[in-house]
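Student: Which chain is which? The protein sequence lines are A and B, in order.
Numbers 1 to 502, taken from our numbering, label the letters of the first sequence in order.
Numbers 503 to 1049, taken from our numbering, label the letters of the second sequence in order.
What the hints contain is simulated information worked out from the structure, not anything from laboratory work.
Predicted, not measured: the structure shown is a model, and the values here were computed from it.
Ideal placement from N, C-alpha and C gives every residue a C-beta, glycine not left out.
Please note that a few of the clues may not be correct.
What the hints assert, rightly or not - Footprint (simulated), chain B over chain A, 3 or more residues, beta carbon under 8 Å:
#	segment
1	58-64
2	107-120
3	167-176
4	230-240
5	319-332
6	352-366
7	468-480
Claimed, not checked - Looking from chain B toward chain A, a few residues come up when the C-beta cut is under 7 Å (computed):
#	residue
8	793
9	796
10	842
11	876
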Amino acid sequence: MNMHDLIAKLHPLEREVIPHLALQTLHEITKSAGMKDIEVIRAFQWLENKNVLSIITEKVTLISLDKNGKLYKEHGLPEKIFLSVLSNEFKGLNVITKKSKLSREEVNACIGLLKRQNAIETQKGEFLEVKITKEGTTLLEQTSPEESFLQQDFPINENDVDKSVLKTLSKRKDIIKLEERKNISITLTELGEQLIKEDLGGPVVNRLTSRMLKDGSWKDATFRAYDVEINVPSINRGKTHFVNQAVEYIKRIWLDMGFHEMTGNYVHSAFWDLDVLFVPQDHPAREMQDTYYLHGKAKLPSFWQDIKAVHETGGDTGSTGWGGSYSKDEASKVMLRTHTTVLSAETIRKLKKEDLPAKFFAVNKVFRNEALDWKHLFEFYQVEGIVVDPNANLKHLKGYLTQFYRKMGYSKVRMRPAHFPYTEPSLEVDVYHPVKKQWIELGGAGIFRPEVVKPLLGFDCPVLAWGQGMGRIISEYWKINDIRDLYRNDVKQMREMKQYMR
Amino acid sequence: MPTVTLNKTVFEELVGKTLPLDELKDRISMLGTDLEGIEGDEIEVEIFPNRPDLLSEQGFARAFSSFIGVKTGLRKYDVKKSGETVIVDASVKEVRPYTVCAIVRDMQFDDEKIREIIQVQEKLHTTFCRNRKKSAIGIYPLDKITLPIHFKALPPNEITFQPLESDKEMSGMEILQDHPKGKDFASLLEGKSKWAIFTDVNNEILSLTPIINSHKTGKVNESTKDVFIEFSGFDLTHLKVGLNILTTVFADMGGKIESMDVVYENETITTPNLEPTKKKLDLAYVNKMLGLELSEQEAVELLAKMGFGYENGNVLIPAYRNDILHQADFVEDIAIAYGYENFEEEIPNVATIGKEAPLEIFSRKIREILIGLQLLETKNYHLITKEELNERMNDETDVIPLQNALGEHNHLRNAILPSLLKTLSLNQHHEYPQNLFEIGRTFRPGDSETGVLETEKLAMVTCHATTDFTQMRQLFGSLMQSLGLHVTVKECDHPSYIRGRVGNVYVNDTKIGIIGEMSPSVLENWGLVVPVVAMELNLEMLFELCS
Chain A
1 MNMHDLIAKL HPLEREVIPH LALQTLHEIT KSAGMKDIEV IRAFQWLENK
51 NVLSIITEKV TLISLDKNGK LYKEHGLPEK IFLSVLSNEF KGLNVITKKS
101 KLSREEVNAC IGLLKRQNAI ETQKGEFLEV KITKEGTTLL EQTSPEESFL
151 QQDFPINEND VDKSVLKTLS KRKDIIKLEE RKNISITLTE LGEQLIKEDL
201 GGPVVNRLTS RMLKDGSWKD ATFRAYDVEI NVPSINRGKT HFVNQAVEYI
251 KRIWLDMGFH EMTGNYVHSA FWDLDVLFVP QDHPAREMQD TYYLHGKAKL
301 PSFWQDIKAV HETGGDTGST GWGGSYSKDE ASKVMLRTHT TVLSAETIRK
351 LKKEDLPAKF FAVNKVFRNE ALDWKHLFEF YQVEGIVVDP NANLKHLKGY
401 LTQFYRKMGY SKVRMRPAHF PYTEPSLEVD VYHPVKKQWI ELGGAGIFRP
451 EVVKPLLGFD CPVLAWGQGM GRIISEYWKI NDIRDLYRND VKQMREMKQY
501 MR
Chain B
503 MPTVTLNKTV FEELVGKTLP LDELKDRISM LGTDLEGIEG DEIEVEIFPN
553 RPDLLSEQGF ARAFSSFIGV KTGLRKYDVK KSGETVIVDA SVKEVRPYTV
603 CAIVRDMQFD DEKIREIIQV QEKLHTTFCR NRKKSAIGIY PLDKITLPIH
653 FKALPPNEIT FQPLESDKEM SGMEILQDHP KGKDFASLLE GKSKWAIFTD
703 VNNEILSLTP IINSHKTGKV NESTKDVFIE FSGFDLTHLK VGLNILTTVF
753 ADMGGKIESM DVVYENETIT TPNLEPTKKK LDLAYVNKML GLELSEQEAV
803 ELLAKMGFGY ENGNVLIPAY RNDILHQADF VEDIAIAYGY ENFEEEIPNV
853 ATIGKEAPLE IFSRKIREIL IGLQLLETKN YHLITKEELN ERMNDETDVI
903 PLQNALGEHN HLRNAILPSL LKTLSLNQHH EYPQNLFEIG RTFRPGDSET
953 GVLETEKLAM VTCHATTDFT QMRQLFGSLM QSLGLHVTVK ECDHPSYIRG
1003 RVGNVYVNDT KIGIIGEMSP SVLENWGLVV PVVAMELNLE MLFELCS
């Protein structure tokens, strides 16, 4: 930056302080410029950034006068006052005290002190009596080291005083006090030496005011140039939680494809969450360690016996069922939903023939009984969808899911055989990660079994269904490695996080 | 889900073809199993629970060989009648009503084969047998046994034998208390007055089922030629399939299967029966579900790749498959044989109208308004601790516990505010003001199908050195103005808030929430040293008032 630009960009505080910089110390400069400490320090910092000066900070101990110190500086030390009211004759202490206007305590201190210096003699009469000695008279006439100490301009750097006097005065009550202070001074750089010789020109305008606009005075004003390249402190805006930003987008995709949103309860009976989905009652996933159970028993809807028949014998679905005997007790267990597929089941139950074809989706939470760690959450999102369409087939399932993942940024989708009790065929959906060059497993899909559809809908109809995870995609987008960070609610992290830009 | 470890050399010999590694990996995945990894001579595969017949080298190789077209179609297994009997005593009826049994002869056991047998038995036990709860398997060297076999139940104190992995005789109770296997499965016999055992004609105990075999008569080794196999449990159909799965594994190892007559009180059944079952193929249904136009011939070829036979319109289902409940199961197997990768993606040209849930739309609008007021949205778990819901809030409302939570979060939240205070308490090292909101589900006991009522709520907090009631009232006022609602606040008392600085919020005459300055004792409970003003609203009521 050349000198001209440098001068143009000077802040008013900098302009004020520059003529005084030769004084070097903060104290001197502040006094000379008639500014506040804080203003001068800010100007120092800006000027240091501009390479005009460097700031030197040293810790010093400063001496200043305490309550008594200030008093003695003005009226003299008590021992001097005491001596001045004595004479060569013994005088009673009460008379002396009264005349000297010293306190009893001070008088006692003076007697001790002066006796050690042989400046007085005492004798015991009815009262204690005191007279001045020859040494005392000499002492009275001389200026003592303590007196000259007090006459200095305070505060003074501890290093600049007579150490022995300091020590004696420190022992006396409330005369001096010491405080730690940062001593700020500056040295000018070569640029600084040049700058203080420059003509800074007339006053500059820092802020354009309404008044200037009204009275036209802006016309003659010189505006200070800002340093527009400098960083400024950030401000915090209100924002939606980042996971919800992604949820919004995913919902939008399904809405755009003509899907109807499903919502519903988090707490369900095992009947709705598992039995109507033809999950056998002794399926390992129903064990305590995978599912959160609540206390109490749920009421079952009136068609529960149809489901019992389907499990035991296949009912009227053309299936053999699982065999064994179906337990109403097992069905009545209350639990947190393990998948949003329970919403699909509820939805199908409400559909009528004339509603078809119909498509539904949900992007919502499901629960799995896990202890939290970096790759396990006990509640997480599932992207659920069903297509209830008499003409639907497996190719359509591949079509819908491929379309969805394309919009999520994955162009290659693969399907592998899998197994779920409620779908047949069942498939696992993988997307190809173009950077990691590997397939990522994202969730299950399939066509609901007739054992699921018929009891709920009243007739058999192909129902394409999927339940996809989204945790991995979201984590991937924000480069989150520890999955707990999704719901840590760290205010700083949330404030700094970039917006979901799909 | 269970995994099996396959010996690659054994596997390839059984399959009858060696595939390049990449192709092997790909084909394993596309068969409907999940390849976990291949390391040296070991292939680890995850088997889905509908295919217990794949839980062995032999079963897996059998399916794989068909799938890649080496040995397709139905496998025939010969079963010779042995005429030997197993006598089921009426005493087992209450305890363990069924068993099915078989003899396999001419086995040539070596270390590898013994490993394979142990693996399949163990895998079937954990999955198909549901950790022995549903059924259990026993395999015994025939030369140590004198036929016929008896299956009966005795009181525990009458059972004494030397179990496997023990050097002395133990009583039934001792086995359950001290033997490692006994301890693992003791719960299965809990509360039963009689336990089921197999004995031979000399009353020698073969095993205490489903716990452990006898050391003397229940240990297969390299010198064993012929074995006695039993499956026992509660569901005869299930047991028969189990026995079929197991005996076909032995047969694939070179053994010769012989049936046994299991004599029950009222009937005698001969097991195993390895004849296929028949089911009509509904080709139109298959084609409709898959969007294909397969001819009968093509479908039959695809079925053959999955190990099925075909005869006069009927599919012949191997006796070891128990997963064909419906035509839908043929649909899947035909799809797998066709190759999932060969289905083209297609989006049908059918118009349906997208529709967002109304409350979701409303929540989204509320979010937009609150963001405009510079609030930051949080998203906490629905699970939290009772202490955080009650003690820390100075609140005694009933909250809903979970029965079996693994982590410390073992209650359902009844309000959002505790979640927000928790967030504030964890963020004290970050810059203030911290003005937050959250929309989410809350739970309380009530009259419903499950005994739980769920409500969407909205809570907001402002937290900084100079926040006060007025600030929250202003934010709230602005929100309500945006919704076109007129609200009134009526002073109330609430233990979570400062007295005289808290009120219920009404729209018309409906109470929709509460607003107030948090009590210092609540802040202290949360370890907070900055004032907090809060409000919580019933979002569903608000939605109704707006619509």
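Student: Which hint numbers doesn't this structure obey?
Tutor: 1, 2, 3, 7, 9
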